[in-house]
Amino acid sequence: MTAGEALLDPGVAERVLARALASGGEFAEVFAERRRGLTMAIDESRIESVQSGAEEGAGVRVLSGGTTYFAHVDGLEPAELERAAAEAAAALGAERAEPRPLRANATDPLPVEQRPEAVTAERKAELLRELDERGRAEGGEIVQLQASYAEGRREVAIANSDGLLGGDDRTRVRIGVQAVARRGERVETGAETLGGHRGFELLEEEPEAIATAAARKALTLLDASPAPAGSMPVVVGGGFGGVLFHEMTGHGLEADHVQKGASVYAGKLGEAVAQPLLSAYDDGRMPGEWGSDGIDDEGVPTQKTQVIAGGRLTSFLYDGLTARREGVASTGNGRRESFRHLPIPRMTNTYIAPGEAEPEAMIAEVKKGFYAVSFGGGQVDPATGDFVFGVSEGYLIEDGRVTAPCRGATLIGNCLEALAAIDAVGDDFWMKTGMCGKGGQKVPVGTGQGHIRIAAMTVGGTEL
Amino acid sequence: VSAVDLDLAQGAVGAAIDAGAGDAEAYASEAARREVRAHGGTVESLSAATQRGIGVRAWIDGQVGCAFGTDFTPAGVAAIAARAVEAARVADRDQYAGPPAEPGEAPALAGLRDPSVAELTTEGAAELAVAVERAALGFDRRVLAVEQAVYVDSDERVAIASSSGARGEFADSSCYAYAQALADGESSRETGLGFGLGRGPAGLDPAAIGREAGERATEMIGSRKPPSRACPVVLDPTVAASFVGLIGGALGANAVQRGRSPLAGMVGEPVASEAFALRDDGLEPEGFAAAPIDAEGVPRRRTPLIEEGRLLTYLYDTSTARRGGAESTGNAGRSSYRGPPAVSASNLIVSPGQLGFADLLREAGDGVFVTDVAGLHAGVNPVSGVFSVGASGRAIRDGALAEPLREFTIASDLVAMLKAIRAVGASPRWVPFGGSVSVPPLLIGEMAIGGS
Chain A
1361 MTAGEALLDP GVAERVLARA LASGGEFAEV FAERRRGLTM AIDESRIESV
1411 QSGAEEGAGV RVLSGGTTYF AHVDGLEPAE LERAAAEAAA ALGAERAEPR
1461 PLRANATDPL PVEQRPEAVT AERKAELLRE LDERGRAEGG EIVQLQASYA
1511 EGRREVAIAN SDGLLGGDDR TRVRIGVQAV ARRGERVETG AETLGGHRGF
1561 ELLEEEPEAI ATAAARKALT LLDASPAPAG SMPVVVGGGF GGVLFHEMTG
1611 HGLEADHVQK GASVYAGKLG EAVAQPLLSA YDDGRMPGEW GSDGIDDEGV
1661 PTQKTQVIAG GRLTSFLYDG LTARREGVAS TGNGRRESFR HLPIPRMTNT
1711 YIAPGEAEPE AMIAEVKKGF YAVSFGGGQV DPATGDFVFG VSEGYLIEDG
1761 RVTAPCRGAT LIGNCLEALA AIDAVGDDFW MKTGMCGKGG QKVPVGTGQG
1811 HIRIAAMTVG GTEL
Chain B
98 VSAVDLDLAQ GAVGAAIDAG AGDAEAYASE AARREVRAHG GTVESLSAAT
148 QRGIGVRAWI DGQVGCAFGT DFTPAGVAAI AARAVEAARV ADRDQYAGPP
198 AEPGEAPALA GLRDPSVAEL TTEGAAELAV AVERAALGFD RRVLAVEQAV
248 YVDSDERVAI ASSSGARGEF ADSSCYAYAQ ALADGESSRE TGLGFGLGRG
298 PAGLDPAAIG REAGERATEM IGSRKPPSRA CPVVLDPTVA ASFVGLIGGA
348 LGANAVQRGR SPLAGMVGEP VASEAFALRD DGLEPEGFAA APIDAEGVPR
398 RRTPLIEEGR LLTYLYDTST ARRGGAESTG NAGRSSYRGP PAVSASNLIV
448 SPGQLGFADL LREAGDGVFV TDVAGLHAGV NPVSGVFSVG ASGRAIRDGA
498 LAEPLREFTI ASDLVAMLKA IRAVGASPRW VPFGGSVSVP PLLIGEMAIG
548 GS
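Listed in order, the protein sequences are those of chains A and B. The first sequence begins at 1361 in my numbering and counts up one residue at a time. The second sequence begins at 98 in my numbering and counts up one residue at a time.
No wet-lab data here; the hints were simulated from the structure. All values reported here derive from a predicted model rather than from experimental measurement. Accuracy of the hints is not assured; some may be wrong.
Listed below are the simulated EDC-like cross-link pairs for lysine to aspartate or glutamate, each with C-alpha atoms no more than 16 Å apart in a straight line [said to hold, decoys possible]:
{"id": "1", "chain 1": "B", "residue 1": "K516", "chain 2": "B", "residue 2": "E404"}
{"id": "2", "chain 1": "B", "residue 1": "K516", "chain 2": "B", "residue 2": "E366"}
{"id": "3", "chain 1": "A", "residue 1": "K1620", "chain 2": "B", "residue 2": "D281"}
{"id": "4", "chain 1": "B", "residue 1": "K322", "chain 2": "A", "residue 2": "E1777"}
{"id": "5", "chain 1": "A", "residue 1": "K1728", "chain 2": "A", "residue 2": "E1697"}
{"id": "6", "chain 1": "B", "residue 1": "K322", "chain 2": "B", "residue 2": "D469"}
{"id": "7", "chain 1": "A", "residue 1": "K1620", "chain 2": "B", "residue 2": "E141"}
Using the sequences provided together with the hints, build the complete structure.
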């Protein structure tokens, strides 16, 4: 039995697909999902916001003549699924089409060692208390601390008229800490997260370290000066520093933007877009990573896709629909937030592969510049390539040394220029978790890299 | 399967009490949603569905827990209620927690639902989205394409009940359309967003939405980075709304009481220029957040927040009101049945001033008109109020709009920006960014621009 059969009986799936194509169409698909989750938080050293959620439902889509027809229902009753199929097909009026017989695709869900549902809620509350204590222990200037715990399980089953029948069972766990430090009128914050496509085993090793890190960030910022404004060399830290690549390149590689001419990377396949020292990947199979899944939300096994090889653009990221349009294979990047959403091309875990530079040496070569250790997040307009990032922890670089901490810095620039200006890639490497929004849908993504250096970039601060 | 009504909500409350809750509350909603995406003169995708759910909050002697789900069968509702009780047992005791003691009489509120939403056919919705795209393309031959023209509508029913006697139900509708136009900018592409919103499709003007997208995209052609400096800044309503939304967040009593608001401890103090007045108005039917009652059944109301620059009050739900020795302002909000109830602004309305747009520019003299900001979620520290965000817009020279500008930042902190407001424009606009906000253009006396 595949992972999805408990959710979607193959016989029911065949009836639903037949109903979906009863008035014509080239392709039909049913996506069934059961999601369970538990979240809780600690604030003012008190456990609160405990919430448990359970939803199930299915989405049915029919493709016909360039148009996607979509309907979804709450619940997984066979009659409800057939009603969704009828609704999706309601606007069609052509000859019946026949789905192919279903054949089960054997795909293994990613392994989970310790099911979070099997761990008591008290143990999770205890973990939050430990995070709270650890963060506050960093000093009396830590005046507020919030920590959160979230676990979620998504069982999905997918069947389509090409005969695909697949399923996946996905468990994710994530914790986060936000600390507030105060000295007189000065108030600063620091945040840190830890997450993965894993069970409770994620939290076996020293999860309290994120509380220490968040508190230290906030405390460091108490001594920070206003950030400089102007163009200068910028060294970006590893891990969540990879959100820079995610925003300035990853989104522009999603095939829906490319096909509409709304990406600065359109028409650049095979061309040099970066210096030869840069290679990058989107990899939905990285073991345990936050953005990994066994299959994508169209049933295609996730894969490792090289998007930049030695500075040359080698691939875009496709879902089924955009791949079909170009006559290529999906890269397993068709993802959706839930059964209530249509799949679109999305990143999974996106990263710049480790290079050869030593991070210390990279900084030592900069006379006057900026060191962006981590970001609060970022945004890009894939069509113009303009992007902006909020720096959550940053320092000045003076005469090759990291000096004063800065607050309120923003990095701003244009994708193609900034990507081509990366002149060093560090030999260190790690991944971090993020939530990525596109078209009103949020999905978990991983970002990663070692330290990198951008020869010139605009830092937007208040110190003119 | 039951429909969304008071009986369903009351049943969920009863199930939670049976499962061991001392008090309980239920919020049930059902919405028919439709979304049409048009591209290249045809429909790219058409989604239609009814989605429903119920959220239950349970109290056991000061412990609070929440649960939500989509199973409306009696057994399903009982299971959701039981999970809420189970969640409450994990929480620590909060002496201020509990349902509203005397929720009060909900006002009758007309104008929340436009029946034309339900009457609009699928073909009609598709035509509307296509018309938006056509208008954008027709605005100027330099508009190459429209990445997406989208029409969305929603027809919703909500029912709320609690063991302390709060109860109410209402229906509302909303619709909006937007387009993202792409213009050929010689060496680079430019984009522009146009949008419109209303209670029903009759409130949308597809031609105006498309024209705005086309105009915003083409006016950016030839844009370049401005030099870094401090200067007067005029914020377009779409930009001002995002900042007003952040101020609304900072006025939530939860953030204030927990020391996470730049406006904590400032009631009675000047926090803005005298030109600035702001209110929270949960009874203004033009705003999508309007409702007779809030998410815990307390009547919505109109709450002046800032008048003549002075801060008058914070926004409260029941538990923050108890903690603050105040009265609930009817500001318990839920993003949906899935989001746990929390203090949040309803409709934020900035009182219009005297100056028309041309007069605002004349008053600015020499500065920058900001039409778009990016990276708000990353560039604003909601605790300290310090921000630095990416922006684009037009130069203001000799009191009139001049060349387009891109790739610069604007930086300040929320209170300093409010105090620096020199004039408020006369023509407000409803904007769905930053919540539900009605705001005219704002002239800020001085702000730091980071460019070349």
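Here's how the hints hold up against the structure:
1. Of the pairs offered as hints, the one joining K516/B and E404/B holds, with about 13 Å between alpha carbons and a cut-off of 16 Å not exceeded.
2. Only pairs whose Cα atoms come within 16 Å are accepted, and K516/B paired with E366/B is accepted, the gap being roughly 12 Å.
3. The straight-line distance between the Cα atoms of K1620/A and D281/B is roughly 13 Å, inside the 16 Å bound, and the hint therefore holds.
4. With a C-alpha separation of about 14 Å, the suggested pair K322/B and E1777/A falls inside the 16 Å cut-off, and the hint holds.
5. Distance hint between K1728/A and E1697/A is unfulfilled; the C-alpha atoms sit about 43 Å from each other, more than 16 Å.
6. Only pairs whose Cα atoms come within 16 Å are accepted, and K322/B paired with D469/B is accepted, the gap being roughly 14 Å.
7. With a CA separation close to 12 Å, the supplied pair K1620/A and E141/B stays within the 16 Å bound.
In this structure, only the earlier hint numbered 5 is contradicted, and the remaining ones agree with it.
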